[in-house]
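Visitor: If you read the sequences in order, they're chains H and R. In the numbering used here, each residue's number is its place in the first sequence (first place is 1) plus 416. In the numbering used here, each residue's number is its place in the second sequence (first place is 1) plus 57.
Simulated from the structure, these hints should not be mistaken for laboratory data. Don't take every hint at face value.
Stated by the list, open to error - Restraint-style ranges between C-beta atoms, simulated for each label pair:
{"id": "1", "chain 1": "R", "residue 1": "303", "chain 2": "H", "residue 2": "595", "range": "40 to 46 Å"}
{"id": "2", "chain 1": "R", "residue 1": "279", "chain 2": "H", "residue 2": "594", "range": "53 to 59 Å"}
{"id": "3", "chain 1": "H", "residue 1": "438", "chain 2": "R", "residue 2": "308", "range": "33 to 39 Å"}
{"id": "4", "chain 1": "R", "residue 1": "252", "chain 2": "H", "residue 2": "548", "range": "53 to 59 Å"}
To be verified - Cut-off 25 Å, straight-line C-alpha distance, at most; resulting in silico cross-link-like pairs (DSS-like, lysine-lysine):
{"id": "5", "chain 1": "R", "residue 1": "278", "chain 2": "H", "residue 2": "455"}
{"id": "6", "chain 1": "R", "residue 1": "253", "chain 2": "R", "residue 2": "231"}
{"id": "7", "chain 1": "H", "residue 1": "553", "chain 2": "H", "residue 2": "446"}
{"id": "8", "chain 1": "R", "residue 1": "241", "chain 2": "R", "residue 2": "231"}
{"id": "9", "chain 1": "R", "residue 1": "231", "chain 2": "R", "residue 2": "278"}
{"id": "10", "chain 1": "H", "residue 1": "454", "chain 2": "R", "residue 2": "248"}
{"id": "11", "chain 1": "H", "residue 1": "550", "chain 2": "H", "residue 2": "455"}
{"id": "12", "chain 1": "H", "residue 1": "745", "chain 2": "H", "residue 2": "446"}
{"id": "13", "chain 1": "R", "residue 1": "241", "chain 2": "H", "residue 2": "455"}
{"id": "14", "chain 1": "R", "residue 1": "248", "chain 2": "R", "residue 2": "231"}
{"id": "15", "chain 1": "H", "residue 1": "454", "chain 2": "H", "residue 2": "554"}
{"id": "16", "chain 1": "H", "residue 1": "553", "chain 2": "R", "residue 2": "248"}
{"id": "17", "chain 1": "H", "residue 1": "553", "chain 2": "H", "residue 2": "630"}
{"id": "18", "chain 1": "R", "residue 1": "278", "chain 2": "R", "residue 2": "296"}
{"id": "19", "chain 1": "H", "residue 1": "630", "chain 2": "H", "residue 2": "454"}
{"id": "20", "chain 1": "H", "residue 1": "745", "chain 2": "H", "residue 2": "630"}
{"id": "21", "chain 1": "R", "residue 1": "253", "chain 2": "H", "residue 2": "454"}
{"id": "22", "chain 1": "H", "residue 1": "446", "chain 2": "R", "residue 2": "278"}
{"id": "23", "chain 1": "R", "residue 1": "231", "chain 2": "H", "residue 2": "554"}
None of the values given here were measured: they were computed from a predicted structure. No residue lacks a Cβ here, since even glycine has one placed at the ideal position from N, Cα and C.
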Amino acid sequence: MHMADALLTPAVAGAMYACSSAAAGYSVRKIRREDNEKKIPVMGVMGAFVFAAQMVNFTIPGTGSSGHLCGGMLLSAVIGPEAGFITMIAVLLVQGFLFADGGLLALGANIWNMAFYGCFIGGMVIWRHITGRKMSKKRIIAASMAGSIVSLQFGAFSVTLETLASGVTELPFAVFLAAMQPVHLAIGFVEGAVTAAVLVFIYETRPELLWNYKEDGQKESRLSYKQAVIVFAVVAAVTGGLLSLAASSDPDGLEWSVEKVAGTKELEAEGSIYSSAGIIQSFTALLPDYTWKNKSSVTGTMFSGIFGGIAVIAACTAACYIIRHLHRKKAKGQEDE
Amino acid sequence: MNNTRQAAKDIHISDNAGSSKDKEDGIYPVARLIVVFIYILLVVSFPVHGFYGLSGLAGMFLYLLANIIWYQVSIKALLRRIFPIFLLTVLAGSAGLIMDREIYFLYGQIPITYGMLSMAALILKGVFCVTASYILSVTASIMQICHALYIMHVPGEIVMVIMLMHRYLIVLIKEAERMQQAYKLRAPGQKGLHFKVWGSFIGLLLLRSMDRAEEVYESMKLRGFCGVMQYSSFKGSKKASICYVLLWGIFLFILRVFPVFFIVGAIL
């Protein structure tokens, strides 16, 4: 999954550097706050382990391609997502600088695609959610498989978006996606199996080495609401911002169908209700046609992607709170009766 | 495990090469890193479509040529490193061949399409960027790279993990070899590891390496290590390094703006 410099433009590479730097800054601050000196050698040896594991390429049957492990999920399960993320950065830096594996300009993108999803989605969200309350062999296997598959799917999707946003290949989005996702699904299964095997062995022999394992049976709580919202908001913002750049300017399925039938993309509606609704919409639509008002630009499209993502998350969160509030109110009413 | 052993060997070779080269030119590694970064930035900034990108890119080869000659880079090893990226860019660029068939000019009877030009530009970009990174990798030791990162204010934790990874890679390989030997002695005549023990083998390797790593770290601390790496062994000239960045920067910028090969060709 290591991206080459040639596949990215400086603008996209810079944007990915900014995103990865923000995540790295957060992780470094968290590690400094922990001030756990014993973690440093473990980070080093885990880094060496993942570095060695990434050198072993395995053949993916039926595709003619090969893959290697990412290791973000394994790192997070042992040393935690923040330390895992820092270790993955070190691994990618060594690969980029000493082995010319993955471009130097594409380093930000590689960190995001391989380290961020593995450590924060696979580790912080999935691993913590599944094994947080009760750790068992079954839960470890489920968390490893789910975390590896989901994080690799996210990573592969990001590679597709970044390449298309850079505009260096004329490969259609659907074709590129169809080539990337199934291959990384297979890699995800292998990574999940290997990760599960290693983590189950550690759990059986020295469970105290696992990140969120508590000896006294008091297991760490699941991922907090706030943390989950932050992680998904970041993913939505980056994906929305980049995805919007790769969006096709061709009409969508409905518009295409209408154009074929009526000869125009948008049907004109007559009547006072329609005109009033149109006037209201012209005031409420901050970003008509996914760009600035009276001005079409890349920044407008990116902003609308990010803004839309945040708005949807905010709306969903608000809806959840309202439903929960109503549910509690109803339950309280029943109790009073 | 052969790949990992080869990687450790490569690191050792680059360590030796890096330490001998810095005595020759006295350029700070951070200066070399900045120039390589500028080079890659300028290479990827060329447009892929049309003839302009390709003609400009050709001139960027001069930087690589000068470095290959100066640092006596092995062409065979370089080609081995370039091959995967060559295949990747051919694959990515081949879409242009199918999608963009508009003819740019006729070379005799052969039509040269825009798709062909964009594919060639993509291949050149990929190959040039990897070559520049490779030259840096074989001429700078891990210590020099860490020194460069340290100067560039990369967080100390990341630099520290890189340094420890470098040390522990050998520990990991040695532990793996020891375990492999023990396994072979207990399972004579068996070819490789049985798949049923893969998980426990890797898990055990990790646990043993962690214990060894902790021991190594404790001994480092007993010898006075306080969590900060010392970079005092590197000696370089600040003036020479600034001149190096400026001169290469100007030269690369000229190559980016003017298609030098074509201008020289037109004059001749």
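Visitor: With the threshold set at 25 Å, check whether the alpha-carbon distance from residue 745 (chain H) to residue 446 (chain H) stays at or below it.
Guide: Given that 25 Å is the threshold and the Cα spacing comes to 38 Å, the pair is violated.
Visitor: Given the hint that residue 553 (chain H) pairs with residue 248 (chain R), test it: the Cα-Cα distance must not exceed 25 Å.
Guide: violated (30 Å)
Visitor: Please verify whether residue 553 (chain H) and residue 446 (chain H) have alpha carbons no more than 25 Å apart.
Guide: violated (29 Å)
Visitor: Quickly compare the C-alpha distance for residue 253 (chain R) and residue 231 (chain R) to 25 Å and report which way the hint goes.
Guide: Given that 25 Å is the threshold and the Cα spacing comes to 23 Å, the pair holds.
Visitor: Between residue 454 (chain H) and residue 554 (chain H), is the straight-line Cα distance small enough, at 25 Å or below?
Guide: violated (29 Å)
Visitor: Can the restraint linking residue 550 (chain H) and residue 455 (chain H) be considered satisfied, given a maximum Cα separation of 25 Å?
Guide: Given that 25 Å is the threshold and the Cα spacing comes to 24 Å, the pair holds.
Visitor: Would you mind confirming whether the straight-line C-alpha gap from residue 278 (chain R) to residue 455 (chain H) stays at or under 25 Å?
Guide: holds (14 Å)
Visitor: Is the hinted pair residue 241 (chain R) and residue 455 (chain H) satisfied, with a Cα-Cα distance of at most 25 Å?
Guide: violated (33 Å)
Visitor: Kindly confirm whether 33 to 39 Å is satisfied by the beta carbon distance between residue 438 (chain H) and residue 308 (chain R).
Guide: holds (34 Å)
Visitor: Mind checking the hinted window 53 to 59 Å against the Cβ distance between residue 279 (chain R) and residue 594 (chain H)?
Guide: Holds, since residue 279 (chain R) and residue 594 (chain H) (Cβ atoms, about 57 Å apart) stay within the stated range.
Visitor: Verify the proposed pairing of residue 446 (chain H) with residue 278 (chain R), using a straight-line Cα cut of 25 Å.
Guide: Holds - the C-alpha atoms of residue 278 (chain R) and residue 446 (chain H) are around 24 Å apart, at most 25 Å.
Visitor: Does residue 454 (chain H) pair with residue 248 (chain R) here, judged by a C-alpha cut-off of 25 Å?
Guide: With a Cα-Cα distance of about 38 Å, the restraint between residue 454 (chain H) and residue 248 (chain R) is violated, given a limit of 25 Å.
Going through the hint list in order, the structure does not satisfy hints 4, 7, 10, 12, 13, 15, 16, 18, 20, 21 and 23.
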